[in-house]
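Kindly produce the complete structure, drawing on both the sequences and the hints.
Protein chains in written order, with this note's numbering: chain A, 1 to 198; chain B, 1 to 335.
Don't read these hints as lab results, they were simulated from the structure. All figures in this text were calculated on a predicted structure; none of them were measured in a lab. Even for Gly, the Cβ is constructed at its ideal location relative to N, Cα and C. There's no promise every hint is true.
Covered stretches of chain A, going by a simulated chain B footprint (3 or more residues, C-beta under 8 Å) [stated by the list, open to error]:
no. : segment
1   : 22–28
2   : 34–46
3   : 145–157
4   : 181–195
As a list, the in silico PhoX-like pairs of lysine-lysine whose alpha-carbon atoms are at most 20 Å apart [claimed, not checked]:
no. : chain 1 : residue 1 : chain 2 : residue 2
5   : B       : 17        : B       : 72
6   : A       : 177       : B       : 72
7   : A       : 149       : A       : 28
8   : A       : 192       : A       : 113
9   : A       : 168       : B       : 3
10  : A       : 149       : A       : 113
Residues per chain are reported as follows:
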Amino acid sequence: MPQMTDERVRAGLAREEDLSLLHEVSMKTAGVSHLEMCIQCGTCGGSCPVAMEMDHTPRMLFAMLRAGMREEVLRSNTPWLCVSCYHCVVRCPQEVHIADVMYTLKGMAIKAKLYRDSTAPDFSQTFVDMVESYGRSYEFGLASRHYLKHFPLRLPGMIPMGFGMITKSRMAITPRKIKHMDQLTAILKRAKQLELTS
Amino acid sequence: MNKYLLFPGCSMESSAKAYMESLNAIMGPLDLHFAEIDDWNCCGATEYLGINLIPAYSLIARNLALAAQQAKQMDGTRTVVAPCSACYLNLAKADYYMQERPSLGVKVNEALDAGGLQYEAGALDVRHLIDILVYDVGLETIRNAVMRPLTGLKVVPYMGCMLPRPDYQHRWSDHEHPTELDDLLRALGADVIDYPLTTSCCGGHMTQIGPETAFELIRRLVADADERGAYLMATVCPMCQMNIDAYQNEMNHFFGTEYHMPILFFTQLMGLAFGLAPDELGIGAELVSSRNALANIGVEVPVTQEPAAPRKKYEGLPMPPRLLKGQRREKEAVK
Numbered sequence: 001m002p003q004m005t006d007e008r009v010r011a012g013l014a015r016e017e018d019l020s021l022l023h024e025v026s027m028k029t030a031g032v033s034h035l036e037m038c039i040q041c042g043t044c045g046g047s048c049p050v051a052m053e054m055d056h057t058p059r060m061l062f063a064m065l066r067a068g069m070r071e072e073v074l075r076s077n078t079p080w081l082c083v084s085c086y087h088c089v090v091r092c093p094q095e096v097h098i099a100d101v102m103y104t105l106k107g108m109a110i111k112a113k114l115y116r117d118s119t120a121p122d123f124s125q126t127f128v129d130m131v132e133s134y135g136r137s138y139e140f141g142l143a144s145r146h147y148l149k150h151f152p153l154r155l156p157g158m159i160p161m162g163f164g165m166i167t168k169s170r171m172a173i174t175p176r177k178i179k180h181m182d183q184l185t186a187i188l189k190r191a192k193q194l195e196l197t198s
Numbered sequence: 001m002n003k004y005l006l007f008p009g010c011s012m013e014s015s016a017k018a019y020m021e022s023l024n025a026i027m028g029p030l031d032l033h034f035a036e037i038d039d040w041n042c043c044g045a046t047e048y049l050g051i052n053l054i055p056a057y058s059l060i061a062r063n064l065a066l067a068a069q070q071a072k073q074m075d076g077t078r079t080v081v082a083p084c085s086a087c088y089l090n091l092a093k094a095d096y097y098m099q100e101r102p103s104l105g106v107k108v109n110e111a112l113d114a115g116g117l118q119y120e121a122g123a124l125d126v127r128h129l130i131d132i133l134v135y136d137v138g139l140e141t142i143r144n145a146v147m148r149p150l151t152g153l154k155v156v157p158y159m160g161c162m163l164p165r166p167d168y169q170h171r172w173s174d175h176e177h178p179t180e181l182d183d184l185l186r187a188l189g190a191d192v193i194d195y196p197l198t199t200s201c202c203g204g205h206m207t208q209i210g211p212e213t214a215f216e217l218i219r220r221l222v223a224d225a226d227e228r229g230a231y232l233m234a235t236v237c238p239m240c241q242m243n244i245d246a247y248q249n250e251m252n253h254f255f256g257t258e259y260h261m262p263i264l265f266f267t268q269l270m271g272l273a274f275g276l277a278p279d280e281l282g283i284g285a286e287l288v289s290s291r292n293a294l295a296n297i298g299v300e301v302p303v304t305q306e307p308a309a310p311r312k313k314y315e316g317l318p319m320p321p322r323l324l325k326g327q328r329r330e331k332e333a334v335k
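Here it is as structure tokens:
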């Protein structure tokens, strides 16, 4: 891969910094992403249940990555709409870890503050805050904080649902905490330091 | 019978309590034994992975490390069972990627080390509950435990996405049309309806961040099950159950439809077939009631007295209470 990059740069087909975006995303993705192997067949977009609402189909997004269009890629709503159904992943002839690449792009967009709508990043962050405080998810805290901020108008229509969830004891009002929270906190603290240096 | 380590996951103690209750209830008849992983933590669902890579995988790996430690004290156990599809996928994913990309494994272990833990990727088998039931317990054993066949119960098997895909360890019969749930429901005597959408998405977290997108995905699943004449849907995942059950009402409002499609966990249907009572199986905890659906096969779900939604008494502006004429007189009379 690096050798091919050099050749393309020498031939004037691409600038080095452009090509490095594809490489950067690939390196930041868990597992071996196979992103460089994309043949632009479009099977991913054709398999996607929410493609019609995406700014760019995954295929198009991967072409933009290759073209080094950093800002456009990180501003795209595509990764935020991905529902992680893995239809594209099992159908991709090149075995690109598409859903995991989407996770990587979300993380990069958050760090670069380049998302357009904060609903999804806020939801993820709130969820993570709860997990980092208690070690378990805390649905009541998550739902109330999230809906008050992002969907206040949806709340009246949700009263019967929320009420049903509570009376059927499917949603606890108080959080549950794991026993060794200090251990988890230490692990996550170290993991965050490692994330910065990798 | 083989002992397994259980990773229940957060939903099993809250929104999917009925799943846990029914799982506990069917373990006896099947002679199944689970040891819960001590002090397990949240798997991060689909949220943590989109924020930070190493912390997300370290969060998952703490569970694997704890499980591996516990497994050493249990003779011959190396299987972690997750009843939730999202937990199952995250645990399987961490185990697999730590092997596929050794540098990830090294970093995750460095983080775990800060908590005095270690995990050697590949040390455990991560499997979903239905995998254990169909392939370890076996359909024959399940068939033999049936006391009250679900004859005539028209049900669509809904597998969802995160169970059969991406399938790192090649555990399922197919990625898009797996038949494990069909086979299991048939073993219970149910009238299983062919359901092409069996692995279509329920919307996942979109009910929280893009409701209109989620409503359409829910509508497709519910409408198709309805058109095929299903009395109810059977699921293997707390997230799918939550989306289709708790958001069905909002979805109906959004589209102006009137669907009423109950969705139960497959373990609840197993319990019914094993002759257990609905209230031992958490039946009735669903928001879209399965009462009428189950009445079709002569199962009576006791009516739980549902408290009316609290209505705040209108008291106008905060003012001292006005004394009525009668009250004043009464007061005076007391004096």
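Evaluated hints:
1. 22–28: violated (count 1)
2. 34–46: violated (count 0)
3. 145–157: holds (count 5)
4. 181–195: holds (count 11)
5. B/17 <-> B/72: violated, 29 Å
6. A/177 <-> B/72: violated, 26 Å
7. A/149 <-> A/28: Since the Cα atoms of residue 149 of chain A and residue 28 of chain A sit roughly 31 Å apart, the hinted pair is violated (cutoff 20 Å).
8. A/192 <-> A/113: holds, 18 Å
9. A/168 <-> B/3: Distance of about 32 Å is beyond 20 Å: violated.
10. A/149 <-> A/113: Since the Cα atoms of residue 149 of chain A and residue 113 of chain A sit roughly 19 Å apart, the hinted pair holds (cutoff 20 Å).
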